[in-house]
Amino acid sequence: MIFQDMAAYRAASHTPRVAIIGGGVAGITIARKLDARGIPCVLFEAGGEDITEESQDFYRGSTVGDQYFDLDVTRLRYLGGSSNHWAGWCRVLDAYDFESRSYIPHSGWPIRRADIEPFLDETRAILGLREFKATYPLTDNFGRMDLIKSDAVRFGTQFRGELEASRNVAVVLNTTVLELAGDGKAVTGAKLFSAGAPAGDFTAPYFVVATGGLENSRLLLWSNAQSNGAVVPNAKALGRYWMEHPMYWAGNAFITNQDALEFDDEGECFMIPTPPAMAERGVANFHIQLETMPYHGTKQLIAEMACYAPRFTEWVSSAIGMHLQCSARVHIDWEQPPVESNHIALSATERDAAGVPRMELHWKKGDLDRRTLVEGMRMFGEDIALKDIGRLHISDWVLNGEDYPSDMELAGNHHMGGTRMGTDPATSVVDANSRVHGMENLYVAGSSVFATAGQCTPTTTITALSLRLGDHLGRTVAS
Amino acid sequence: MPKTSRRRLLKALFFALPALAIFRHVRPTRHDDIVEVDGWILKRSDLA
Ligand SMILES: Cc1cc2nc3c(=O)[nH]c(=O)nc-3n(C[C@H](O)[C@H](O)[C@H](O)COP(=O)(O)OP(=O)(O)OC[C@H]3O[C@@H](n4cnc5c(N)ncnc54)[C@H](O)[C@@H]3O)c2cc1C
Numbered sequence: 002m003i004f005q006d007m008a009a010y011r012a013a014s015h016t017p018r019v020a021i022i023g024g025g026v027a028g029i030t031i032a033r034k035l036d037a038r039g040i041p042c043v044l045f046e047a048g049g050e051d052i053t054e055e056s057q058d059f060y061r062g063s064t065v066g067d068q069y070f071d072l073d074v075t076r077l078r079y080l081g082g083s084s085n086h087w088a089g090w091c092r093v094l095d096a097y098d099f100e101s102r103s104y105i106p107h108s109g110w111p112i113r114r115a116d117i118e119p120f121l122d123e124t125r126a127i128l129g130l131r132e133f134k135a136t137y138p139l140t141d142n143f144g145r146m147d148l149i150k151s152d153a154v155r156f157g158t159q160f161r162g163e164l165e166a167s168r169n170v171a172v173v174l175n176t177t178v179l180e181l182a183g184d185g186k187a188v189t190g191a192k193l194f195s196a197g198a199p200a201g202d203f204t205a206p207y208f209v210v211a212t213g214g215l216e217n218s219r220l221l222l223w224s225n226a227q228s229n230g231a232v233v234p235n236a237k238a239l240g241r242y243w244m245e246h247p248m249y250w251a252g253n254a255f256i257t258n259q260d261a262l263e264f265d266d267e268g269e270c271f272m273i274p275t276p277p278a279m280a281e282r283g284v285a286n287f288h289i290q291l292e293t294m295p296y297h298g299t300k301q302l303i304a305e306m307a308c309y310a311p312r313f314t315e316w317v318s319s320a321i322g323m324h325l326q327c328s329a330r331v332h333i334d335w336e337q338p339p340v341e342s343n344h345i346a347l348s349a350t351e352r353d354a355a356g357v358p359r360m361e362l363h364w365k366k367g368d369l370d371r372r373t374l375v376e377g378m379r380m381f382g383e384d385i386a387l388k389d390i391g392r393l394h395i396s397d398w399v400l401n402g403e404d405y406p407s408d409m410e411l412a413g414n415h416h417m418g419g420t421r422m423g424t425d426p427a428t429s430v431v432d433a434n435s436r437v438h439g440m441e442n443l444y445v446a447g448s449s450v451f452a453t454a455g456q457c458t459p460t461t462t463i464t465a466l467s468l469r470l471g472d473h474l475g476r477t478v479a480s
Numbered sequence: 004m005p006k007t008s009r010r011r012l013l014k015a016l017f018f019a020l021p022a023l024a025i026f027r028h029v030r031p032t033r034h035d036d037i038v039e040v041d042g043w044i045l046k047r048s049d050l051a
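Those protein sequence lines, which keep their order, are chains E and L. If you count by this note's numbering, then the first sequence holds residues 2 to 480, one letter each, in order. If you count by this note's numbering, then the second sequence holds residues 4 to 51, one letter each, in order.
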């Protein structure tokens, strides 16, 4: 069932067991899982079925610290959420990403990869993925990893028909949950804003917050502020340990053994370090992306020359009116360590159209970020030279410790942490089942629960975790 | 130009560069036979 607003939904007299807040990847996946078990649920989606300026405006906010994307651009606020513009690059966190590392404070999850593995076949079916191939060794310290560039399922359109036909799931569009109310043990209700106006309160036995990796923190921070801490009773870590995957073009390489690398159809390949290699250098997880130049013939010759004699090549290429670069660009994307000071806060001055304080994202890369960037490039450069796969040149800005460039990709649009999973309520917000510590009926879904980020794109893992939560909720509600 | 001779030409150009004393910062690495020279990570034999 799909309703355009709260008034239409109320008229239908549907009695849900679970209220899911947010109709993106996580929210839709949980709703479908509950549907399969015959459990009635309502899914509140703030936006409609298309992007609108009015809805995106609720996502505006500011960033303090390092340069970041505009907060109303790095995510989408309508049915399907940010899956409406994701690239579809898929991979699941590796087993070692769930384990703690002595040299990275607060690293590690309270669950293991084995806990999500039972849900990986279903995850692949949802995202339309073939089996992932095992990472194979390339050098002593690096493996060639399989990253699937999928057709990027748009959850809103892909599952619209199924949601509309469902007798259990009620999707209520244009309906924002402004805040949750609680008594320190359970959520007692939600305050709604629908079709541009306040729409009263709503209650259900269970609530799942699935509003995205930034918004989950904002909604819970505001709920806590309004309820005197009765929604997230252990709030020390709420909004904190926020993480991204910084990514930069950090060098060029000349590849002498292309066959060893197995470039994909787009001329790219991805390499990851082994856990012992990371530990030995004291770096966070990362991947190296080699992007070959799409040139042929003379252009390719000049592009390759750019590796050997950059100044000479610059002169030649400007003389012939082209700007050609060395034969492969080397990008590095890394796992940002969980750091308490990287956090989401509520603005003291700015509010959205419904009166909720806008988001302030405090985000800065630190020493371990810089170390991972420099040492990660060195590790890779040394290994490909040793194995005669190629030669790498690290960009000057990296070696000279200059500011991060502002004209590169910056990061992955991967919003992780803020309501991280853990056993200690002082450093985490949800437990191993994604339930808010101390709250009987409040769960959080999406990458805000990531305790450590790993190096890969998050949505495949989000989907698997959401299936696991849907399964857990299904059993909890049924009992 | 056939691929192999192009490679050979580039290699020759490349390996001529140290002789031209263009490189300045030489940094040892963890491996005896690998050096970092002005950001290039090379085998010592590349420089011979
Ligand atoms: C440009 C771009 C490229 C990306 N590429 C990749 C990629 O290749 N691979 C990958 O793994 N990931 C990628 N991502 C990240 C991916 O899009 C997200 O990880 C994923 O969409 C998160 O799903 P989610 O359900 O947690 O949140 P979202 O998709 O953000 O969904 C949240 C939903 O909640 C709704 N909502 C928000 N607030 C409220 C409220 N108060 N009440 C009711 N509803 C609310 C929103 O409207 C939205 O529909 C990319 C992101 C961007 C921006």
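Careful: at least some of the hints might be erroneous.
[To be verified] Here are some, though not all, of the chain E residues that point toward chain L, as calculated from beta-carbon distances under 10 Å:
| id | residue |
| --- | --- |
| 1 | 86 |
| 2 | 252 |
| 3 | 385 |
| 4 | 392 |
[Stated by the list, open to error] Below, in silico cross-link-like pairs of lysine to any residue (SDA-like), each with a Cα-Cα straight-line distance of 20 Å or less:
| id | chain 1 | residue 1 | chain 2 | residue 2 |
| --- | --- | --- | --- | --- |
| 5 | E | 134 | L | 46 |
| 6 | L | 46 | L | 31 |
| 7 | E | 388 | E | 263 |
| 8 | E | 388 | L | 46 |
| 9 | E | 388 | L | 40 |
| 10 | L | 46 | E | 141 |
| 11 | E | 388 | L | 37 |
| 12 | E | 365 | E | 409 |
| 13 | E | 388 | L | 48 |
| 14 | E | 388 | L | 47 |
| 15 | E | 388 | L | 49 |
| 16 | E | 388 | L | 38 |
| 17 | L | 46 | E | 389 |
| 18 | E | 134 | E | 257 |
| 19 | L | 46 | E | 142 |
| 20 | E | 388 | L | 36 |
| 21 | E | 365 | E | 108 |
| 22 | E | 150 | E | 161 |
| 23 | E | 388 | L | 28 |
| 24 | E | 365 | L | 50 |
| 25 | L | 46 | E | 365 |
| 26 | E | 388 | L | 33 |
| 27 | E | 134 | L | 47 |
| 28 | L | 46 | E | 258 |
| 29 | E | 388 | L | 42 |
| 30 | L | 46 | E | 376 |
| 31 | L | 46 | E | 261 |
| 32 | E | 192 | E | 353 |
| 33 | E | 186 | E | 425 |
| 34 | L | 46 | E | 400 |
| 35 | L | 46 | E | 186 |
| 36 | E | 366 | E | 332 |
| 37 | L | 46 | E | 387 |
| 38 | E | 192 | E | 206 |
| 39 | E | 388 | L | 50 |
| 40 | L | 46 | E | 353 |
For the record, the hints were derived by calculation from the structure and aren't laboratory data. Think of the CB as a built atom: it goes at the ideal place given N, C-alpha and C, for glycine as much as any other residue.
**Prompt:** Does the CB of residue 392(E) sit less than 10 Å away from some CB of chain L?
**Reply:** holds (6 Å)
**Prompt:** Given the proposed pairing of residue 46(L) with residue 389(E), does the C-alpha separation stay at or below 20 Å?
**Reply:** Holds, because 9 Å separates the two Cα atoms, which is no more than 20 Å.
**Request:** Take the C-alpha atoms of residue 388(E) and residue 48(L), compute the straight-line distance between them, and say whether it is at most 20 Å.
**Result:** holds (13 Å)
**Request:** Below or equal to 20 Å on CA atoms is what counts here, so check residue 388(E) against residue 47(L).
**Result:** Within the cut-off at roughly 13 Å; holds.
**Prompt:** Minimum Cβ distance from residue 252(E) to chain L below 10 Å?
**Reply:** Because about 8 Å separates residue 252(E) from the closest Cβ in chain L, which is inside the 10 Å limit, the hint holds.
**Asked** Taking only the CA atoms, is the gap from residue 388(E) to residue 263(E) under or equal to 20 Å?
**Response** holds (15 Å)
**Asked** Regarding the pair residue 192(E) and residue 353(E), is the alpha-carbon distance no greater than 20 Å?
**Response** Satisfied, since the Cα-Cα distance of roughly 15 Å is no more than 20 Å.
**Asked** If you draw a straight line from the CA of residue 46(L) to the CA of residue 258(E), is it 20 Å or shorter?
**Response** Cα-Cα ~15 Å, so holds.
**Item:** Given pair status - residue 365(E), residue 46(L), alpha carbons within 20 Å
**Value:** violated (36 Å)
**Asked** Given the hinted pair residue 150(E) and residue 161(E), is their alpha-carbon gap at most 20 Å?
**Response** violated (23 Å)
**Message:** Run the distance test for residue 192(E) versus residue 206(E): straight-line Cα separation, threshold 20 Å.
**Reply:** holds (15 Å)
**Request:** Take a quick look at whether residue 46(L) and residue 400(E) sit within 20 Å of each other, Cα to Cα.
**Result:** holds (19 Å)
Comparing the model with each numbered hint stated earlier shows that hints 1, 5, 18, 22, 23, 24, 25, 27, 35 and 40 do not hold.
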